[in-house]
Each structure stands twice: as C-alpha cells, then as structure tokens.
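Protein chains: 2
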Amino acid sequence: MAKTVAEYLQPVHAFLACETPDAWIAFAAREDQLPALLADHANCEMKAAQTAQALMWRYGTPRTHSAVDTSGSQASMLHKLSRLAREELRHFEQVLKIMKKLSLPYLAVPASRYATGMIAAAEKHDPQALVDKLIIGAFIEARSCERFAKLAPHLPPLVADFYISLLKSESRHFSDYLALAETFAGTNIEARVEYFRQVEASLVLSEDAEFRFHSGTPVEAA
Amino acid sequence: MAKTVAEYLQPVHAFLACETPDAWIAFAAREDQLPALLADHANCEMKAAQTAQALMWRYGTPRTHSAVDTSGSQASMLHKLSRLAREELRHFEQVLKIMKKLSLPYLAVPASRYATGMIAAAEKHDPQALVDKLIIGAFIEARSCERFAKLAPHLPPLVADFYISLLKSESRHFSDYLALAETFAGTNIEARVEYFRQVEASLVLSEDAEFRFHSGTPVEAA
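Residue numbers (numbering that gives the first Met the number 0), protein chains in the order written: chain A, 0 to 221; chain B, 0 to 221.
Treat the hints with care, as some may be off.
Copies of the same chain look alike in the list, so a pair counts if it fits in one copy or across any two.
[Stated by the list, open to error] 27 Å max Cα-Cα, derived DSS-like pairs, lysine-lysine:
id: 1; residue 1: K123; residue 2: K46
id: 2; residue 1: K79; residue 2: K123
id: 3; residue 1: K99; residue 2: K46
id: 4; residue 1: K123; residue 2: K100
id: 5; residue 1: K167; residue 2: K2
id: 6; residue 1: K99; residue 2: K2
id: 7; residue 1: K100; residue 2: K79
id: 8; residue 1: K79; residue 2: K46
id: 9; residue 1: K96; residue 2: K167
id: 10; residue 1: K79; residue 2: K99
id: 11; residue 1: K100; residue 2: K2
id: 12; residue 1: K167; residue 2: K149
No lab work stands behind these hints: they were computed from the structure. Every value quoted in this text rests on a predicted model; they were computed, and no experiment measured them.
Based on the sequences and whatever the hints tell you, model everything.
So, in structure tokens, the structure goes:
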C-alpha cells in the first residue's frame, strides 16, 4: 500500500530538532513572495543536482593508479547520487514549468545563508569532510521535505500539489544521504548528526533579513 | 513509424567532415581495450551532464538585476539542457551497470585531448563563446553517435545493444545543441560550423598516442 504523507514525514520530523517557525510559513505564503519562493526553489534544485555530481566526481570516480570495484560501495554511491541528481533536475524543470503556467518571471535571487552556514560548520579535511557533506545533504533534504509539507496548505493549488508530490523523493534523498554517511564513516555517526542538528536548527530559528526557501525566521515577523 | 538507425545517422554523417578511421575501430574493438573504452565512456557521460549544467548556470539562470521570461528562449534552453543532462546521467548509470555485469573494474582514465582541443579553438568572450560552446556540443554528440553506430557490430552483444540504444538520444542532443547555437547566434552560423568541422576532423584523423572514446588514429595502427 502506498505510504501516506504522515508516514513520509515521521522520520523527517524525528531527524530535525525543530519545526519551521509559523512566522516563516506566514511570510512564505504571501502572494507577493511567490516569485521569489519559486525562483529560489528552482536554484536549490539545480544546486542540489550539482552538489550530488560534485560528490560523485570527487569521491566516486576512480583516482589515478586505482580502479573502482563496480560491485562495491563506491559504485553504489555513484549510482545513488546520479539518480538523485536526475531527480533534482526533473524537479528544476517542473518548477520552471509552474512559473511559466503562472506567468511568473524567474527572478534573480542570490543564495541564502543556509547551505553556506552548514558547510562552514563542516570539517575541511577527508575522510571527515565527506561524511560531513553527506550528513549536511541529509539535513537539507529533510528540511526541504518538512517545509514542503508545512507550506503546501497555504499555497495556490498548482504549487501545493507539486510540493506534496515532492515529499516522496525528498524523503528518500534524506535517507539515501544518511545511509551513505553511515557507510563511509564506518563508525557510529550519531554524535556528528547531533552536532549538525543544532547548527541546522539555529539557522532555521534565528532571525534572517532575507527570505529564501531555507531562510531563518523573517525579521519583520519576529 | 519508428526511425531506423540509418535515418538517425543520416544528418550526423552529413554534419561531420569524416568517418572514424577503421584503425580506431579495430583498436577499440580489442577485448583488452574494453575496460578503458567503458571507463572513458562513463567519464564522458558524466562530463557531458556537467557541461550542460555549466551552460545552464552561466547562460540560462537569471543574473542580478534581471529576470528570465519563463516563456522565452532562455527558459527553453534551460529546459532542454536540463533534460539532456538527465539523459547523460542515465547513460552514465547504464555504463556503470554494464561494467558490473561484465565484472569489469571502473578504471582511472584521464580525459582525451578531444574536448580540450575543441575548446581551445573557441572564442573566449561572449556572445561568441556561448555560440561556440553550443556548436562544440553538437560536434561531440554527433561524433559519439557516429562512433556508437560504427563500433557496435564489433563489440560484445551487451555493449553493442546498448550503443545502438544510445543513437536515438545522442542524435537528438546533436540537433538540440545545433538549434540552440542558431537561436543564440541570431545570425547564420554555417561558416563557424565549418571552422569547427575542420578542427574536429583533424582531431579525429591525426595520430593519437592515447586510446579514448574520442581519440584520434591509434599510433601503433597508423
């Protein structure tokens, strides 16, 4: 039987330290913010695809003087991240189509502080850098999933339906990233996950002057 | 009615200045070269996806102080290149699966001189740089298509069938790139196409010490 929205969300909520503040939802649901919301969303999908491919290229493909076992975990990571990148690109195309249907322009919207804030908290050297990037990937996907679900009821039907349809793949991306982090850490990662859980929650709960898909609590509503 | 292989190949052959030399085919069909052929092919698919996305990011997404008309040619380029990138990633996954089925490792294979040689012949400044990159994209896709078809009869059935299945999408990628080049040039591009046609043919026909999917005539066979 097909999973319900609540079943997709259960592990996502268990993973995140906090829900998105109601003030962010109220701001994001404003009709005048829809073009910025969709433009930033489109950018996020494209960047998520690029990040997955950067991980493939850096950690998955064979390095000089070594080959990749095509039955091993490195090849399996390549396969998973490639599928994930394809899905993000398809979502990008879908956002573009929705902007067109709603006769909205694709606005120029610089990136939020969210992903940079997470990356700044990561270790710079491997092997920990890879594990951290995968954990961060899990948080970004989980937060996206949570926001799609919480925001959907407040949006025009066309966008709302689309956001609900994204839950399924975003929740799978979240567990894929987490499983990859566990595989490549080769040890228990719970303490590291907890560390990023707090970093992530503080980016979501603290005031943020800019409105984006992953921005913090809007200043004017705080 | 479905197009035949010959119908897919006709515009490709008309576009390229020369066929792949028989000496390259003979070398590429050697059983001991199969791991290198597939590894380089996998890398090419991944890089083709990355190139398409670099073009999206650089030329398709909105720049500061401007927005993209979601009904215009820039949005249509974004959509086409995103689909193309998804297809290249799917091909990457398929090559990986074939290597696994044949119990072959994914070897470390540095890039050939081919794409770098083409890019070196391109204009460095926009707007010509974009048009040149799109023309180069058309040549790379056309050459891939021609090689898949000419090489297939000499390969193990599993790889041969896969290469024939790629013809359809690679020939569409070729025409997509060419159409985009025409759109963004806004003028007749035949002279520029002819210039790259000669550059491409000389990379294919001249001697090449390294064997790759897009390498020149093998030295030892020359």
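List of violated hint numbers, smallest to largest: 4, 6 and 11
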